[in-house]
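K.L.:
So the chains spell out like this:
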Amino acid sequence: MTGESWLTTTFDRLEEWAQTRSFWPLPFGTACCAIEFMGVVSSHYDVARFGYEVVRFSPRQSDVLIVAGTITDKMGPVLKKIYDQMPDPKWVISMGACACSGGFYRAYHVMQGIDEIIPVDVYVPGCPPSPEGLIYGILQLKERVMREKGKHGGAKEKQTAAEEEHAHSGAA
Amino acid sequence: MSEPIPGEPTLSAAAQPPQAGAQPVPEHPRAPKPYKYTWADRLYLPLLQGLVVTARHFFKNLVKSKYTISYPEERRPYSGRYRGHHILTTRPDGSVRCVACFLCATNCPAECIHIEAAEQPDVNIEKYPVVYEIDMLRCVFCGYCVDACPEEAIIMSRNTDMAYFTREQSIVGKAQLMKPFTVDVERLGYRPYYPEEDRQRAQMRREAFDLVSAARGDA
Amino acid sequence: MPTLAPPEPLLEKHAAKITPQEGLDQPCWIVDRSVLREVCEDLKTNPETRFDLLLECFGMDYPEREPRFEAVYHLYSIPHGKRLRLKVPLPENDPTVPSLLPVWKAADWFEREMWDHFGFRAEGHPDLRRILCHEAFQGHPLRKDYDPARRWICTEKDIYKPKLEPPPQQDDMFERMTINIGPSHPAMHGTFRLTAVLDGEVIVASDIEIGYLHRCFDKMSETHTWNQVIPYTDRLNYCSAFINNVGYCRVVEKMLGVEAPPKAVWARTILSEFSRIMDHCVCNGTTLVDTGGITNFWYMFQPREEIYGLLEACFGGRLTVSGCRIGGLLADLPPDFMARSRRLLEIIPAFVDDMEKLVDHNRIWLDRSVGIAAISGDDAVNWGWTGPCLRASGVAYDVRKAFPYDLYDTVDWEVPVFYGGDVHDRYRVRMAEIRQSLRIIEQLLDRGIPEGPFIVDDPHVALPPKDKAYNQMEAMIYHFKLIMDGVQVPAGERYGMVEGGNGELGFYCVSDGSAKPYRVRVRPPCFPIFSTFNQLILGHTVSDAVISLGGLNVIAGELER
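Residue numbers (the numbering used here), protein chains in the order written: chain A, 1 to 172; chain B, 1 to 219; chain C, 1 to 561.
So here's chain A without its partners, still in its complex pose:
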C-alpha cells in the first residue's frame, strides 16, 4: 500500500502519540545542569508524570539526548559518537547556556554550542535552567514532534549523504 490512507494515517497518529508520551532521555550530563536534571527526575518535580522517567544511559536505548552542561573540545568527539550511535528517531535538547552557546566561557577549550557538531531541536536557556524551565523545554519538544507529523528522525534537517555515511562508521 502506498500513499496516504486512513490506516496509515491512524497508525502514524498512534505512533506519534506513543512517541511523544515516552521520550526516554539520555542525560549527557557534565556539569551543574546535570544537578538540576537530577532535580527534575527527583520527587520534587518528577518528570515521570509525563512518561519520561526511564533514563537510559545507553544511546542504543534512548530517544532524546539531553546535553546538560558544558561541552569542551575534548568532549566533542565523544558527544558526536554518542549522537551517532543513537538510532532514529532521535531528538536533541540542549540544556543550559553552556551547551546552547558556550555561555560565558568564551575560552580556549569550550565548544561554543553543541550545534557546532550535532543538530539541536530545542534550546533551553538558563544557567542552570530551573527544573520548570527544563520541563517546559521537553514539553515544547513534544509539541514540535506532534506538529511535524510523520517525519521520522524528528524535526531537524536531514543529514547530507556524506554525513549519513560517516554517521554509521562510528557505530561499527
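None of these hints come from the bench; they were simulated from the model.
Note that this is a predicted model, so its numbers are computed, not measured.
All clues stand as given, with none of them false.
In silico lysine-lysine, BS3-like type, Cα no more than 30 Å apart, as pairs:
| # | chain 1 | residue 1 | chain 2 | residue 2 |
| --- | --- | --- | --- | --- |
| 1 | A | Lys-80 | C | Lys-161 |
| 2 | A | Lys-142 | A | Lys-81 |
| 3 | B | Lys-179 | C | Lys-468 |
| 4 | B | Lys-33 | C | Lys-82 |
Given the coordinates of chain A, work out where chains B and C should sit on it, guided by the hints.
P.N.:
Just chains B and C now, with coordinates in the frame of chain A:
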C-alpha cells in the same frame, strides 16, 4: 548518628575549646582501622528498620505525594528575588526607561547584551536604545545587569519558561523584553531593593518627572 | 607579616640560593631550582618543620621581568600548623624544574598541569603529558601571550590512547580484558574516563583521564573584572556554590583591606554550612545510587530542594547563587530568613535520620564499602588529601578549626574523624559533618540577625545603595565608576583558604593594581584526591571502583576548573 558504635572513637580528640590561631592536630594512627560489624549487622536485622522507613514513605505519599509539584498545572512559588526572564521597564507613556548608558552591557560577564543608542529629543533623557538585544543562550542569569542599571530600567521576573527552536529565536529584542512588564509585584523577580520609605521617594521622583513630561506635551 | 626563616642547617648549605621574601601574607622563600629537591626533602623530614602536605604547585607568568616564569609551591605542616610558599624562578628559554614526585606524591598531577598550562618540564616525572587540555591542543594557554579564545579542534583520532602496564600474568588460561569506562557514563559522574585492565572482575592496571570539563576558569578570571569573577567561582564546586563565593570574596577583601560587616559574616557562615549540607547530601545520595540504593537519592535530594528555597529567597538563584559581592552580600537578607532557616533545621534531620536508618547498619552496604579503597593517614597526606576524605583516614585537619575564619571559632562544634580510610568511613564522616553543620547553624540562629549593613560602606569597593544612586549625584558617580572601571585592588598577592565541601579550597589572587585580576588560581581540593584513584582501586573489582569514585566526591567543575 543514630547510636554510637561500641568500641569505636567517633569524635576527634581535638574537641577542645577554641584557641587563637592554629589548633594542634593530634597524631593519627599509622594503619587504617575499619569499622567492626556488630552481631545485629551480621544477621541483616537492621534491614527491617529500613523496610519500615520506605513503607512509611510509600503509604504517606500513596494518594498524593506531598513533595511533588505538578508542573505545569502547579508552579513552585519563587520569591520576589528570583532571577528569571529579563524585563525592560517602561514609563507611563509606554517608552522604555532605558537611557542606553551601556552599564548593563559592561557589567555583564557573558557579554550577551547588545545595545545601539540613538538620540532622544527630550533634553532630560538624551538617549534611548533603538536596538536592545539579549542573547538568551549566552545569558547566565546572574543579575549583574540589574545591579548595574541606574534607572531601574532592566529587572528580572520569576518566569523561567523559555525554550527556543533556533538560535535566531533566542536573541530577544526590545519588544519582547518590554512585553512582560507589569505592575503586578507577584510576577516580578530580581530588582533593586531598598527600604520602603526610599521607594516612596523614588516613586515621587518618577511621578514628578512624568507630570513634567506630560505638561510639556512629550510623546 | 609572618616570616619563617630557613632552619640553620639548610641555610648553611645553600645560603645564596634560598631568599626569604618579606612582606607577604605568609612565609615565602625564593628558591633556586638546583636545590629545590633537597630543600623540599629536608623540609619534609626535619622534625622542626615537617612540611608533610604539598597543597599545590602551579605556574606564574611575568612577561615583563626576567626570569619570566615562576613555579610556586604551597606547603603546609599539619603537626605544626605552619604554611610556606616556595617560588622557583625559571627562565623563558629553559623552564624546567626538578620533579617533586619522590618527595610528595601530590605533585604528580600538579606538575602535569604546570606542563599543560605553562610548559614547565618537570624533570624526573615519569609521565609528563597534558592533563586538562586535549591531545591536539598546541601551545600553553595560561601564558600571557596566549589568546583566550584560540581553540583547537579535537577529532576522534586525537583521543588519547592510554598506555597500561599490567603486571605479568600468572597463568595463560584466562584472557585479560581492557575496558573503557566513560567519559559519558553514569558511574563516572559524566566526565572521567577510566581505562582498566581486568583479570576477571579484578582491576590489575588502570589509567584515569580527566579534562573533559576544563572550562578555563583561570583564563576567564584574567579577562573579567574582580566582581565579574564571582559567577565563575559559583561553577567550580557547583554542589556547594556559595562556599566558593565566600572563599574568593574573603581573599579579595583581605587584599583590599576591607572587612565585611557582621551581618554579612553571620549570613555567610550560616549559608556556607547549608551549602556544605547540600554537598554532602548529594555525595552520599549518589554514592548509594552507584551501589543500587536509589531510594537514598530521592531522600537526599529533598533537603537540597528545601535549601534551594532558602538560597533562592536570599539571592535569586537556586544552584549558582553568586551570593557574595566583594565587601559583603549581594542584597540584604529577606525578612523571612529566620523563619525559613528554622524550618530547614526541622526538615533536614528527618531526611538524614531516614537515610541513616536505611544505610548505616545495612549489611549489604557494609559488605560493599568497609575496607574498600582504604588509605592510611600517612599516605593520604602524602597524596595531598584534605577534607572529609582525609578525616576519614584519621587526620583531624579542618581549615575551620586550624585557621578559624568567619564565626567558626565562636560556636561550639567538633570535627568528626574516623580511622578506617575506606568508603564506609568517608560516608560516615559526611553524615557526621551534616550533623555538626546543623549544630553550628542552630547556635548562630539563636544569636539573632546582627544589626547593620549587608555590605561594606566603601564606595570604591561596593556599589552604593540604590536609593542613593538614584537620587544623589555623588553616589551615582561612584556607581558609574565602579561598573565601568571596576574595583581597583592594590598590587600584591594573597592566598586565602576556606573549608570547601571537599577540603581546603584555596584562592591565590595576584593583582597588578588594575581592575582585572592578574591571576586567580584555585586550589582544587579534589584534584590531588582523584590523582590517587589509580592506586586506590588496584586489586578491587569494577563495582568497587565505581563506589570509590562516588565516595571521593569528585566534582568535575572543581577538578578541572
